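Asks: Spelled out from the first residue to the last, the chains are:
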Amino acid sequence: QSALTQPASVSGSPGQSITISCTGISSDVGSYVLVSWYQQHPGKAPKLMIYAVTERPSGVSNRFSGSKSGNTASLTISGLQAEDEADYYCCSYAGSSTLVFGGGTKLTVL
Amino acid sequence: EVQLVESGGGLVQPGRSLRLSCTTSGLTFGDYAMSWVRQAPGKGLEWVGFFRSKFYGGTTEYAASVKGRITISRDDSKSIAYLQMNSLKTEDTGVYYCTAMQTRYSSGWGYFDYWGQGTLVSVSS
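Top to bottom, those sequences are chains E and R.
Numbering-wise, the working numbering puts 70 at position 70 of the first sequence, and it's gapless, one number per residue.
Numbering-wise, the working numbering puts 49 at position 49 of the second sequence, and it's gapless, one number per residue.
Source of the hints: derived by calculation from the structure; they are not laboratory data.
Here the structure is a predicted model, which is why all the values come from computation and not from measurement.
Ideal Cβ positions, reconstructed from N, Cα and C, are used throughout, including at glycine.
Be aware that one or more of the hints could be misleading.
As the list claims (entries may be wrong) - Here are some of the chain R residues that sit facing chain E, going by a computed Cβ distance under 7 Å:
| hint | residue |
| --- | --- |
| 1 | Gly44 |
| 2 | Leu45 |
| 3 | Trp47 |
| 4 | Tyr56 |
| 5 | Gly58 |
| 6 | Glu61 |
| 7 | Tyr111 |
| 8 | Phe112 |
| 9 | Asp113 |
| 10 | Trp115 |
| 11 | Gln117 |
What the hints assert, rightly or not - Simulated restraints, written as ranges between beta carbons of each label pair:
| hint | chain 1 | residue 1 | chain 2 | residue 2 | range |
| --- | --- | --- | --- | --- | --- |
| 12 | E | Ser27 | R | Thr90 | 47 to 53 Å |
| 13 | E | Gly79 | R | Ser17 | 47 to 53 Å |
| 14 | E | Ser96 | R | Gly30 | 23 to 29 Å |
| 15 | R | Lys43 | E | Ser27 | 22 to 28 Å |
| 16 | R | Ser107 | E | His41 | 28 to 34 Å |
| 17 | E | Gly15 | R | Ser87 | 49 to 55 Å |
| 18 | E | Pro14 | R | Ser125 | 47 to 53 Å |
| 19 | E | Pro7 | R | Ser77 | 42 to 48 Å |
| 20 | R | Ala40 | E | Ser78 | 31 to 37 Å |
| 21 | R | Ser125 | E | Gly59 | 17 to 23 Å |
Next comes chain E alone, as it looks inside the complex (with noise of 0.2 Å):
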C-alpha cells in the first residue's frame, strides 16, 4: 500500500487561509470516510485534529475544517498563527483491514 501523497511544505502569513491536500486512490481515499488528519510540533506526539473527513474532536478550534473530493482530502486551516506551524499527516483506511497515512506537509507561518 503506497502513502497518500501530500504537499511536502505549504506557507502562510498570519490570518490568511491554508489548504493542505491529501491524495490517494479510489481504494482509499476515495472509498471511506475513515479519513483523519493529524498535527505534530517538532518533539512531540502526534494530535487528532478532524476524523471522518469533516468532524473535530472536542477540543480543537474551528479554525480547522477538513473535506474530501473524489480520491482527494483536505484540511483548511483558517485565520493561521503561529502556533500552527506543525507537520500534518493525512491518514486513511484502505481497505484490508490496513490504514495509510500520508507522508506529511510541514506548514510554516511566516
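Starting from the known structure of chain E, fit chain R onto it as the hints suggest.
Replies: Chain R only, in chain E's frame:
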C-alpha cells in the same frame, strides 16, 4: 486526564527481539482499540498494527511491512498494551507511539484519539 506511557525501547542488534509496553490511565481501557504507530528518524508516520477491543472481537491487524514479525497484545485487567517485535531490522529504527482508538465503526476501527510520548527503538550492530 488520559495518559499513555510507552516503555521498553532502546538499542538492539539486528535479528534480536524487543517488547514495548504501553501503560494507560484515565480511560476505560477495555472500550478502546489499541494501536501502534512508528516514525523513522526525520520521516513520516507509519501505522504498524492494532488490537480491537474485546467487544469488537479482540482481534489484531498488522501492516504488511511488519506482518509475521510483530505481535500486539493487551492485558485489559492492567490497562496495558504490548508490542512484541522479532527479527528486528535496521529499518525498524524509529520512535514507536502507542495510541488508543475509540471504536467508531462496527468493523472495530476508529481514529488515533490519544497518543503516548513515544519510545525510541534503535536497531544497529
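Asks: Tell me if the beta carbons of lysine 43 of chain R and serine 27 of chain E are separated by a distance inside 22 to 28 Å.
Replies: Hint holds: Cβ distance 24 Å, inside 22 to 28 Å.
Asks: Can we keep the aspartate 113 of chain R interface hint, with Cβ of chain E closer than 7 Å?
Replies: For aspartate 113 of chain R, the interface hint holds, since the closest Cβ of chain E sits about 6 Å away, which is under 7 Å.
Asks: Do the Cβ positions of serine 96 of chain E and glycine 30 of chain R conform to the proposed distance bound of 23 to 29 Å?
Replies: Given about 26 Å between the Cβ atoms, the range holds.
Asks: A closest beta-carbon separation below 7 Å is what the hint needs, so does phenylalanine 112 of chain R meet it against chain E?
Replies: With a closest approach of 6 Å, the phenylalanine 112 of chain R hint holds.
Asks: Can we keep the glutamine 117 of chain R interface hint, with Cβ of chain E closer than 7 Å?
Replies: holds, 6 Å
Asks: For the pair alanine 40 of chain R and serine 78 of chain E, does the Cβ-Cβ distance stay inside 31 to 37 Å?
Replies: holds, 32 Å
Asks: Does glycine 58 of chain R pass the interface hint, meaning its C-beta sits closer than 7 Å to a C-beta of chain E?
Replies: violated, 14 Å
Asks: Please check whether tyrosine 111 of chain R passes as an interface residue: C-beta within 7 Å of a C-beta belonging to chain E.
Replies: holds, 4 Å
Asks: Taking the Cβ atom of proline 14 of chain E and the Cβ atom of serine 125 of chain R, is their distance within the range 47 to 53 Å?
Replies: holds, 48 Å
Asks: Taking 47 to 53 Å as the stated bounds, is the beta-carbon spacing between serine 27 of chain E and threonine 90 of chain R within them?
Replies: Violated, since serine 27 of chain E and threonine 90 of chain R (Cβ atoms, about 31 Å apart) do not stay within the stated range.
Asks: Can you let me know if the beta-carbon spacing of glycine 15 of chain E and serine 87 of chain R is within 49 to 55 Å?
Replies: At roughly 52 Å between Cβ atoms, serine 87 of chain R and glycine 15 of chain E fall inside 49 to 55 Å, so the hint holds.
Asks: Once the shortest beta carbon distance from leucine 45 of chain R to chain E is found, is it less than 7 Å?
Replies: holds, 5 Å
The earlier numbered hints that this structure contradicts are 4, 5, 12, 21.
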